[in-house]
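J.: For reference, the chains in residue letters:
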Amino acid sequence: MPDFVTTIWNTERIYMVDFGRAKTGAAHRRFPDIDNVGYHDDAFAAEHGPIVSAMANQTRVNVRFHRTEISTAAKLFAVSTDPTVVNITSPAGGALSRSRSQNIEFTAGGAAGRADIEIRYGWNDGPMIGRLYVQVYARIQVLMRVHLVTYVQRDLAGNIVAQRNHPNPFFSKNCANRAQRIARIREFINQANETWVPHGVVFTVVDIVDTVWGRPEFGSGTVSPNFGEMTQAGALSPNRSAVNVNVYCIPTTTQGITGMGIPPAWARATGLVFPPAPPPPAAPPPQHLSSGLYLVSDSTATAQTVAHEMGHYMTLCALNPLTGNADQWHSTGDVLGGAHTRDDSVSRRRIMYPVVSLLNAAPSTWRNNTGYGNQLAGSFLTYRRLPAAQDITFEESQRAHTAALAPGFYVG
Amino acid sequence: MRSNYAIVLLVISACFGEGQSGKVMNPDHSLRSQLSHLIQARRSEEAKALARTMNPGDVGVVLQEIAGTPKPAVQLLVLDIASEIPSVGSCRAVLGRLQDSNLTIRSVANSLIGFCNQRAVIPDLFQAMDESHDTQVQGAIARQIGISGDATAQPQLQEHYDNTPDEGLRNSITVAMARLGNEDSRRRVIQRLTDPTVDARIQGLHDIEYIGEPKLARYFSPVLEDRRDAIAISPPHDPRVMARVCDVAAGSMTALGLPLPYRALPLRRLSDSEIQQALELVRSLYAQ
Chain E
1 MPDFVTTIWN TERIYMVDFG RAKTGAAHRR FPDIDNVGYH DDAFAAEHGP
51 IVSAMANQTR VNVRFHRTEI STAAKLFAVS TDPTVVNITS PAGGALSRSR
101 SQNIEFTAGG AAGRADIEIR YGWNDGPMIG RLYVQVYARI QVLMRVHLVT
151 YVQRDLAGNI VAQRNHPNPF FSKNCANRAQ RIARIREFIN QANETWVPHG
201 VVFTVVDIVD TVWGRPEFGS GTVSPNFGEM TQAGALSPNR SAVNVNVYCI
251 PTTTQGITGM GIPPAWARAT GLVFPPAPPP PAAPPPQHLS SGLYLVSDST
301 ATAQTVAHEM GHYMTLCALN PLTGNADQWH STGDVLGGAH TRDDSVSRRR
351 IMYPVVSLLN AAPSTWRNNT GYGNQLAGSF LTYRRLPAAQ DITFEESQRA
401 HTAALAPGFY VG
Chain W
1 MRSNYAIVLL VISACFGEGQ SGKVMNPDHS LRSQLSHLIQ ARRSEEAKAL
51 ARTMNPGDVG VVLQEIAGTP KPAVQLLVLD IASEIPSVGS CRAVLGRLQD
101 SNLTIRSVAN SLIGFCNQRA VIPDLFQAMD ESHDTQVQGA IARQIGISGD
151 ATAQPQLQEH YDNTPDEGLR NSITVAMARL GNEDSRRRVI QRLTDPTVDA
201 RIQGLHDIEY IGEPKLARYF SPVLEDRRDA IAISPPHDPR VMARVCDVAA
251 GSMTALGLPL PYRALPLRRL SDSEIQQALE LVRSLYAQ
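Protein chains in written order, with this note's numbering: chain E, 1 to 412; chain W, 1 to 288.
If you're looking for bench data, these hints aren't it; they were derived computationally from the structure.
In this text, all values refer to a predicted model and were calculated from it rather than measured experimentally.
The reader is advised that the hints may include incorrect statements.
Listed next, with one range per pair, are the computed distances between beta-carbon atoms [to be verified]:
no.	chain 1	residue 1	chain 2	residue 2	range
1	W	G168	E	P2	52 to 58 Å
2	E	A283	W	S284	23 to 29 Å
3	W	P72	E	R100	35 to 41 Å
4	W	R263	E	L156	21 to 27 Å
5	W	N117	E	N190	33 to 39 Å
6	E	R186	W	D184	19 to 25 Å
7	W	R240	E	A362	27 to 33 Å
Every residue, glycine too, gets a C-beta built ideally from N, C-alpha and C.
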């Protein structure tokens, strides 16, 4: 029995082996999703193959290897092109088993770099029949100050005339006190890290503060703020930090959202700057942007909301570098408003897909599970870059990592 | 017990060393020692509280002294305090971390370049610009020089302009020089307002906001007459609403402090009569 039996047509591409995510269900930092969407990369024109990433010094990172069109009898070896970047720890010695699918486990090197896991035929220096690119990112912490915001409106004498505290359930969970609410937020942020750690980004809660918004912040007597009132209050918020991403956990909004990540560049471009500058010659007061992460505690927000909205904060999906305009907010095919986003199984895998729960599009129910659970959107971030005329939403992984390092990422 | 006693002595010594040894204790020096100790012990709230009561210059001296400590948590606290209490020393503490090997420290320092508002740190800003290999960081520094410096900084900025092929950095240097009064640079920025592309026009408007010279609004007629969609002002998931070039231009006039009879920020789609009012104001500026 030969190792490879497939009729090859003139223009047919042959993939004797392939790679995929090594688990199903929720995102996990040691089981990153693999970009096998397209083998073209405008940024790395010489590369044609699937790609995954890990954070420097990450251990026991797993990817799934598949023998798609080659016999289980064929002797195959997984070999790293640079063990200082990607050190394969399992299978030991690189010899792959005779299973149709198995995991390959590796440890990422201590510094940023790029290497391939090559699949070699016959011997560990035999001909290469497939490969997986691995990008190792240096670790960057995205520092967060979490504000537990309550709304308190007072009259001129200082008496409370209206108030809105956090509801119970708090983010869909019974949280009767502050400690439980903090635990819920930490749980969300920790879970969001499962998506982002393989991209070198670690959300880190530096501190948690109790913050009150009232008339000075909203500019009105509301305890159910609309978008304008919410963003103004975010900019003018007490305790706003200049060295952390401000994460505002707010009790409610009329905006009908679960959360919103406002990137600094978009806030600046659209004039979400407060307080307004007075006409000259008066000296302008210190002004603040509305940038930050807004999470609504009476909504159905999940950890994935945090991961998605932080994607927006880190300029995803496509923020125009010249103007700050959001050329596209979400994944491929999106127009502003999100009504026309491409709704295929790849889009549904992406963290920047705009719908949290997948629509049950019978008879195409096969699309309802993209590996993250039934009717659950995924946590996939794209690596490859396509020509701008083709798709401006790709290369999310590198763009987000770069954004987190850029001047103006943290804004007071 | 013995080791605890030793630690207590060390702390006292760190806080009040000179005073205890019989010399005349300088109260400022004592506070500086105390602040230094609190920061290095990562007692952040106490350190911030003390720093707020101190002379900003003294705080800056402490921050500059300990900014190079190898502990990331201490460095982050230094940067946090520097963001609250700006001074020459604070700025130097920030600039000293722009090349930090720890990306977290570097990202915070990068974001604090805008706090370096003291004229005395202009040479430090130029040095940081020379040492950086990141054109985005160099651009942010150039823009900060445009804010903190004066016309004497122009030749050095011009030198940087001549030595870089990076278009983004060249643009940052151009607008910095324009802010410092360089007429040639101002002309280049103004030219963007008549560029055929929306992006260039919007960039020109944002650059003029940065330059901060209200008189430049007299060149706004072409952009106030441009009704093309430019910037999404609706949040994700909401029905799409775009601000047009003319709306952004009126927003820039508001940012420049021009006396429009309405506020055009945050951006919104203005009525025809509001655009007309903006045009009339621009024409009156031209007449002046």
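J.: Hint by hint, say whether it matches the structure.
T.: Do the hints match the structure? See the list:
no.: 1; hint: G168(W) x P2(E): 52 to 58 Å; result: holds (55 Å)
no.: 2; hint: A283(E) x S284(W): 23 to 29 Å; result: holds (25 Å)
no.: 3; hint: P72(W) x R100(E): 35 to 41 Å; result: violated (46 Å)
no.: 4; hint: R263(W) x L156(E): 21 to 27 Å; result: holds (26 Å)
no.: 5; hint: N117(W) x N190(E): 33 to 39 Å; result: holds (38 Å)
no.: 6; hint: R186(E) x D184(W): 19 to 25 Å; result: violated (54 Å)
no.: 7; hint: R240(W) x A362(E): 27 to 33 Å; result: holds (29 Å)
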